[in-house]
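Engineer: Residue numbers (this note's numbering), protein chains in the order written: chain A, 1 to 128; chain B, 1 to 286.
Hints were generated in silico from the structure; no laboratory data involved.
Each hint should be verified, as a subset may be incorrect.
Once the Cα atoms are required to be at most 27 Å apart in a straight line, the calculated DSSO-like pairs of lysine-lysine come out as [as the list claims (entries may be wrong)]: (1) A:LYS48 <-> A:LYS37; (2) B:LYS34 <-> A:LYS48; (3) A:LYS48 <-> B:LYS83; (4) B:LYS16 <-> A:LYS105; (5) B:LYS210 <-> B:LYS188; (6) A:LYS48 <-> B:LYS163; (7) A:LYS105 <-> B:LYS191; (8) B:LYS83 <-> B:LYS34; (9) B:LYS83 <-> B:LYS162.
Reference excerpt, derived from the structure (chain A facing chain B, CB under 10 Å, subset only) [what the hints assert, rightly or not]: (10) SER54; (11) VAL62; (12) ILE66; (13) SER84; (14) GLY98; (15) ALA101; (16) SER102; (17) GLU104; (18) TYR109; (19) THR110.
Glycine included, C-beta positions come from ideal geometry on N, C-alpha and C.
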Amino acid sequence: MHIDTVHIMKIVSLLPMSLKVIIVTNVLLILGFVVGKLALYKFENAVKFFAYYSVIICILFVLYFISIIWFSISNLFAGNAVYSAIFPIFLFLPFIIGHFASYEKVHFYTNIQILTLIISLLLALSFI
Amino acid sequence: MGQSLDFEFIHENQCKRAVLLFHGMTGSPFEMKKMGRALFDADFDVYCYCLPGHGTSPINIKTVRWEDWYTDSTMHYRNLTQKYEEVYLGGLCMGGVLALAIAAEYREVRGIVSLSTTLFLDGWTIPWYNFFMPLGLHTILRYYYSFPEREPYGLKNEALRKKIAALQKRNTEALDNYPMSCIYELLKLSKFAQKNMFRVQAPVLLMHAKEDDLTSVKGSQFVYRNVGSNIRKYIELEDSYHLVVMDNEREFVFNTSIDFLNSLSDYAPADAKKLVSIGSEAADAY
Numbered sequence: 001m002h003i004d005t006v007h008i009m010k011i012v013s014l015l016p017m018s019l020k021v022i023i024v025t026n027v028l029l030i031l032g033f034v035v036g037k038l039a040l041y042k043f044e045n046a047v048k049f050f051a052y053y054s055v056i057i058c059i060l061f062v063l064y065f066i067s068i069i070w071f072s073i074s075n076l077f078a079g080n081a082v083y084s085a086i087f088p089i090f091l092f093l094p095f096i097i098g099h100f101a102s103y104e105k106v107h108f109y110t111n112i113q114i115l116t117l118i119i120s121l122l123l124a125l126s127f128i
Numbered sequence: 001m002g003q004s005l006d007f008e009f010i011h012e013n014q015c016k017r018a019v020l021l022f023h024g025m026t027g028s029p030f031e032m033k034k035m036g037r038a039l040f041d042a043d044f045d046v047y048c049y050c051l052p053g054h055g056t057s058p059i060n061i062k063t064v065r066w067e068d069w070y071t072d073s074t075m076h077y078r079n080l081t082q083k084y085e086e087v088y089l090g091g092l093c094m095g096g097v098l099a100l101a102i103a104a105e106y107r108e109v110r111g112i113v114s115l116s117t118t119l120f121l122d123g124w125t126i127p128w129y130n131f132f133m134p135l136g137l138h139t140i141l142r143y144y145y146s147f148p149e150r151e152p153y154g155l156k157n158e159a160l161r162k163k164i165a166a167l168q169k170r171n172t173e174a175l176d177n178y179p180m181s182c183i184y185e186l187l188k189l190s191k192f193a194q195k196n197m198f199r200v201q202a203p204v205l206l207m208h209a210k211e212d213d214l215t216s217v218k219g220s221q222f223v224y225r226n227v228g229s230n231i232r233k234y235i236e237l238e239d240s241y242h243l244v245v246m247d248n249e250r251e252f253v254f255n256t257s258i259d260f261l262n263s264l265s266d267y268a269p270a271d272a273k274k275l276v277s278i279g280s281e282a283a284d285a286y
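So here's chain A without its partners, still in its complex pose:
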């Protein structure tokens, strides 16, 4: 299968910056949670690792939230009310998941978190 990289680059260059940031942070967050889940299972006592790991995930979350707000506001001004209404749901989901999570079910809730991030990524990709 021939991949037209020039064409892909052209599409990417046309995307709004906020959507690019949503996609990139989404992918990194998914990878981060998958790595965290595996590491938590194997190296639970690696306190320093998890300290810096958590800081990185927090930074990614902040970027993710800012890009969602940015994307929603810019769509609101562009007259795309539906677009601007859908994404903010993902602002609240990490906190809703966090509210219900417990240590006993941490892997289950991490899976839910990963799933919501995948949905958010697919949604972002659907705007291309």
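Could you slot chain B onto chain A? The hints should help.
Structural biologist: Positioned in the frame of chain A, the structure of chain B alone reads:
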């Protein structure tokens, strides 16, 4: 009552007054041992149990909720009220918050000694990335993250710091880190205590190190300003960090606590020093 652990202590002399002590977050009754001994020598029966989630596997502390600490502690308190005429509460760090929370519900608590009261985590050893804490606390990350405990381990006395650090690793069940899920529960307990602070009618003695590495003096000052009791005393310590019951001024902490409790007690020894300035000297400062 749960099974007793070997580092929990009970000093009983069948007198009419008792002090129930609570240890701090991720600590153990080991840290309260010297204070317990000093109070016992001053004719108080002393009890210090291990809080739920502490003292066993580190995993247990991640599964515990603040309601477990509160329920377990009130159960111990109620048991003591059956046996003693006067029951006092004392605690270090989270233990101080627990003592205040119990006193808010049980008006018959005779007095409280709250040391290094941890209502906020704003001491000088809290890492630079602490501003991310709200995000970490309220998402699933709180089960991943632990604050690594670092020098000075709550102790200003360097010789003691080395000794205690080694002892902690060998002989006690204290943890070398603070799981964020545990901090989350502590902050929930703290909110509960802050909301009910005005209900506390028992006399309160607060002692807090000026240079506390884990929690600044703001916590004790908040209690001092908002507590409902008329008798309250607040002392700032000059030569200690967070673990005031082990640090340079521990003897002062013990003696002041004993004097304070004796001043409230109907069963104090005749030669016990009576406090005359309660509630006045620190009240002017805050």
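Engineer: Does each hint hold? Answer for all of them.
Structural biologist: Hints, verified against the model:
1. A distance of roughly 16 Å separates the Cα atoms of LYS48 of chain A and LYS37 of chain A; the hinted pair therefore holds under the 27 Å criterion.
2. With a C-alpha separation of about 32 Å, the suggested pairing of LYS34 of chain B with LYS48 of chain A is violated against the 27 Å cut-off.
3. With a C-alpha separation of about 47 Å, the suggested pair LYS48 of chain A and LYS83 of chain B falls outside the 27 Å cut-off, and the hint is violated.
4. For the hint pairing LYS16 of chain B with LYS105 of chain A, the CA-to-CA distance comes to about 47 Å; that exceeds 27 Å, so the pair is violated.
5. Only pairs whose Cα atoms come within 27 Å are accepted, and LYS210 of chain B paired with LYS188 of chain B is accepted, the gap being roughly 25 Å.
6. At roughly 23 Å between alpha-carbon atoms, LYS48 of chain A and LYS163 of chain B fall within 27 Å of each other, so this suggested pair holds.
7. Restraint check for LYS105 of chain A and LYS191 of chain B: the C-alpha separation of about 25 Å stays at or below 27 Å, so the hint holds.
8. Of the pairs offered as hints, the one joining LYS83 of chain B and LYS34 of chain B holds, with about 24 Å between alpha carbons and a cut-off of 27 Å not exceeded.
9. Annotation: proposed proximity of LYS83 of chain B to LYS162 of chain B is violated, straight-line Cα distance about 40 Å (limit 27 Å).
10. Given hint, SER54 of chain A at the interface with chain B, holds; its Cβ is 4 Å from that chain's nearest Cβ, closer than 10 Å.
11. Of the supplied interface hints, the one on VAL62 of chain A holds, with its beta-carbon coming within about 7 Å of a beta-carbon of chain B, less than 10 Å.
12. The closest approach between the C-beta of ILE66 of chain A and any C-beta of chain B is roughly 12 Å, which is over the 10 Å cut-off, so the hint fails.
13. Evaluation of the SER84 of chain A hint against chain B yields a violated restraint, the C-beta minimum of about 23 Å exceeding 10 Å.
14. At its closest, the beta carbon of GLY98 of chain A sits 4 Å from a beta carbon of chain B; the interface hint therefore holds under the 10 Å criterion.
15. Hint status for ALA101 of chain A: holds, given a least beta-carbon distance of 5 Å to chain B, under 10 Å.
16. Interface hint status for SER102 of chain A: upheld, as the beta-carbon distance to the closest one in chain B is roughly 7 Å, under 10 Å.
17. With a least beta-carbon distance of about 6 Å to chain B, the hint placing GLU104 of chain A at the interface is held under the 10 Å criterion.
18. At its closest, the beta carbon of TYR109 of chain A sits 5 Å from a beta carbon of chain B; the interface hint therefore holds under the 10 Å criterion.
19. At a threshold of 10 Å, the smallest CB-CB gap from THR110 of chain A to chain B is about 6 Å, leaving the interface hint in force.
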